[in-house]
Amino acid sequence: METLTYILKRIIQTIPLLIIVSLISFFIIRLSPVDPLAELKLNPSVSPATVERERQRLGLDKPIIVQYGKWAKSFIQGDLGVTSTGEKVSTKLKERIPNTLLLTSIVILLTWLVGVPLGIIAAVNQKTAFDRILTVLTGIGMAIPSFFFAVLLLMFAVKTGWFPIGGLTSPGFSEMNFWGKLADISYHLVLPVFVLFTISLASLQRQMRANMLDVLDSDYVKFARAKGLSDNAVIYKHALRNALNPMITLLGFEFAGLLSGAALTEYVFQYPGLGRLILEAVMKSDINLVMASLMMGAVMLVAGNLIADILLIITDPRIRVKS
Amino acid sequence: MIRRGIWVILTVLLAAFVVKGCLVKDVVPTNNNRTEISQKTSDLTYPEPKNITIDGVDYLQSQAAIGNFKGELVTSTIGEGPKTFNPFNCKDNTSAILSGIMFDGLLTTHPITGQPIPKLAKSFSVSPDGKTYTIKLRKGIKWTDGKPITSDDVVFTWNDIIFAGLGDTSTRDSLVIDGKLPTVKKIDDYTVEFTTPEPFAPFIRMLSTSIAPKHYFINAVKKGGADFDSFLSTTTNPKEIVSSGAFKLKEYVPAQRVVFEKNENYYEINTKNQKLPYLDKIIYLIVGDLNNEVLKFEAKELDVISLQGAKVARYKSLEPHSDFKLYNLGPDTGTMYLSMNLNNRKNDKGKYYVNPVKQKWFQDVNFRRAVDYAIDRKNMVLNIANGIGAPLFTPESLNSIFLNKNLKPYDKDIKKSQELLKKSGFYKDKKGRLFDNEGNRVEFDLYTNAGNTEREAIGVMVKQDLEDLGMKVNFKPVEFNSLVNKLVSTFDWDMVIMGLTGSPLEPNGGKNVWLSDGRLHMFNQRTPQEGKAKILPWEKELDYLYTQGALATKFADRKKFYDKYQEIVYREKPFVYIYSPVRIVALRNKFKNIYPSSLNGIIYNIEEIFIGD
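The listed protein sequences correspond, in order, to chains P and U. Taking my numbering, I'd label the letters of the first sequence as residues 1 to 323. Taking my numbering, I'd label the letters of the second sequence as residues 1 to 613.
Simulated from the structure, these hints should not be mistaken for lab results. Where a beta carbon is used, it is the ideal one built from N, C-alpha and C, also for glycine. It is possible that part of the hints are untrue.
Stated by the list, open to error - Computed beta-carbon distance windows for the label pairs:
#1 U:Ala226 - P:Arg241: 55 to 63 Å
#2 U:Gly350 - P:Asp79: 46 to 54 Å
#3 P:Ser174 - U:Ala65: 26 to 34 Å
Stated by the list, open to error - If you want the footprint, here are the derived chain U segments under chain P, 3+ residues with CB under 8 Å:
#4 80-88
#5 213-224
#6 232-241
To be verified - Using 25 Å as the maximum straight-line C-alpha spacing, the simulated DSS-like pairs for lysine-lysine come out as follows:
#7 U:Lys70 - U:Lys142
#8 P:Lys94 - P:Lys73
#9 U:Lys540 - P:Lys62
#10 U:Lys476 - P:Lys41
#11 U:Lys486 - P:Lys62
Let the sequences and hints guide you as you build the complete structure.
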């Protein structure tokens, strides 16, 4: 019951937060010098009447506050509006969200499945050759910017011809059977997943290693060892549980990055995800689309934190007692 | 510490060898000092398709070589892909190109001569007074769903969609003459007659507008407005779409590709009377940027690519070892220019838009010509466009059929510049600084849009060239939107480097630029309230020529007017033209029936292109 009221309280707290986020983003976009009509104005074959009509259609003839009010009203009613070219924002997002989710969830799954064990092993075998090599490799992984790494891999793909140059499916995709489709998608996913995996693996492995080392150094672990418990029992039963807590908070952030975390990599690999869509929308000051994505990002962040907190309550009795 | 260092080096080396081991060696670019692409567009004459009637069906017969029926061509579109497949509601280039593939127009453009030739129409004629256009349609040709294409469809397209102002209204806007629109009338099932209120030569180009199937569009048209705008959106099921082009939509995968497949009902046949097109599919990959496009071409995912500046040299050296060929399509339709602000009026607060001291310079034709002679166009072509370009002196692009060939290009001539300046009383002091006859230092701002690296580079070189004359140039690249704002509403600029794209077929599209009350008459922009205030004598002449040029009907007559207009611009230099980039396209060798055209590009005759053995 207590947990439930806590969750409810948290959800109510997010409402003013979302309003502030939406206000700030709306005004920043509208006050930026990007004029959605600039190109139209410079096109010799477009008449002034057409420019004026476009201005009215996009609502640019009204004061910003009125524009915001209009947007907020339809947003609350669940209508995300239309893009500047007249397509429904919700359909546009629906086309892209599954692709992005596919990429990011594979990456998160892989990094956690590999990163956490690697961190533990490295901590336990501290200062061995294995740990050293891993430290250097993760150092490289953390140092390379994702877009640069992605470009390098693309060039690698061009030179070797082993991998496709971006995209998600081959032109003949619609004629393949189920297994063919699966193979085709996996084939296209290898490089983008590899980029994101290497980069997030590095930080995750280091985080886990540091946590583990901290815990292994603490008095209760020394006590457990002194008591004569086996190494496995000390590490996996006592140390690991305590070392995992900070990772759960991290998981909350990972959740927030599910939809937006891969934008740069998506762009370089021409992956049909949200990244490219939003980038173009920002360039063109396509307000409804940008607002929808920003709000989505805010909601995901809040939700991610909430989930992390709830998970902590479940795993860590100390927090339960305090609340 | 040393031990750690060894670990670092060992690991890095290991990684490096693994990566290196996988690489296929690239061909070493041979050292060509000059990049010459000899392929001239005029080397090949395009065999124009002819009309032929078989069993009462008026086919179009391709006269090009006979090929194999198979395969696909993969090309690309930059950006985020089409926004709609409705040819009457395209606000962006990609949508217009893709919907243009699906819906043929009555006429099309001859790829070499630029004259209108029949497409969906069987023939056309213009009455001697230039007001009536009679179009004969092909008998027995069909939409993709098997229904016949008749004059009802043509009348419906023009009356109920275009003239009714549905969707994108630019076609309609450009046809209004003195507030009146042309009319269209059905004579019989296969004859249509268009009448313009006045003789209006540009109208013939409008007849290449797509024709819509009435039975498919009628419901959306009846609802009108927003319903029409969302009709044929990208979410439409491709199987439902009724179209007329050589290829019909097969599949649209957002942000990845658009696939077109052969239209079995297409009305073009080859000389063996087999139905075209040869290819089974054309695929447009949607790529976000130019770099990715290049990578895709090199990885053989794309069959055709257009190349910019620096890349041409590299591709030229790769060409002999590869399976593609470079084609030179000639100068681009874009024109890049330097303009001075001739505005000598005051705003509503009683302040001059341009500082009166500077006004005097810019109003002075000697000053403008001095600037023109000081600019080293050849150097810019060589250094900025990597030699892939041609100096430009006229407002019509170099591939325009209306280009005035008598206006000769010339080289930079600093002596001539100095003479011209001297004539107007400008003088240099001992330090080489330029002053006008009233002792004012010649100093002004030069704008262009930031982020456009080509224009920024031109700006730097223009600044250097003008500083040779002793002028002080403050080069200020500013954000595109603020620059547009300066040009079209606040008018507070001195000199600017901009570019405009025009049509190589129809100068009348530039009327917004050249008419003295035009919306883009940048060099002397007037507000709508000012009308034609303080018109200069040569501006008046331009107004006359532009109006008459549209009213004349014969090409030769029109050319006279447009020749004169180019002459005036050449003489008065409201715009100092700089250069036109040349378009270079790389295409895989396996494609045959390729007739590159500076007007239409390289795959305009897509139904005739086939894959050789």
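Outcome of the hint check:
| no. | hint | verdict |
| --- | --- | --- |
| 1 | U:Ala226 - P:Arg241: 55 to 63 Å | holds, 59 Å |
| 2 | U:Gly350 - P:Asp79: 46 to 54 Å | holds, 48 Å |
| 3 | P:Ser174 - U:Ala65: 26 to 34 Å | holds, 32 Å |
| 4 | 80-88 | holds (count 3) |
| 5 | 213-224 | violated (count 0) |
| 6 | 232-241 | holds (count 3) |
| 7 | U:Lys70 - U:Lys142 | holds, 23 Å |
| 8 | P:Lys94 - P:Lys73 | holds, 21 Å |
| 9 | U:Lys540 - P:Lys62 | violated, 38 Å |
| 10 | U:Lys476 - P:Lys41 | holds, 22 Å |
| 11 | U:Lys486 - P:Lys62 | holds, 22 Å |
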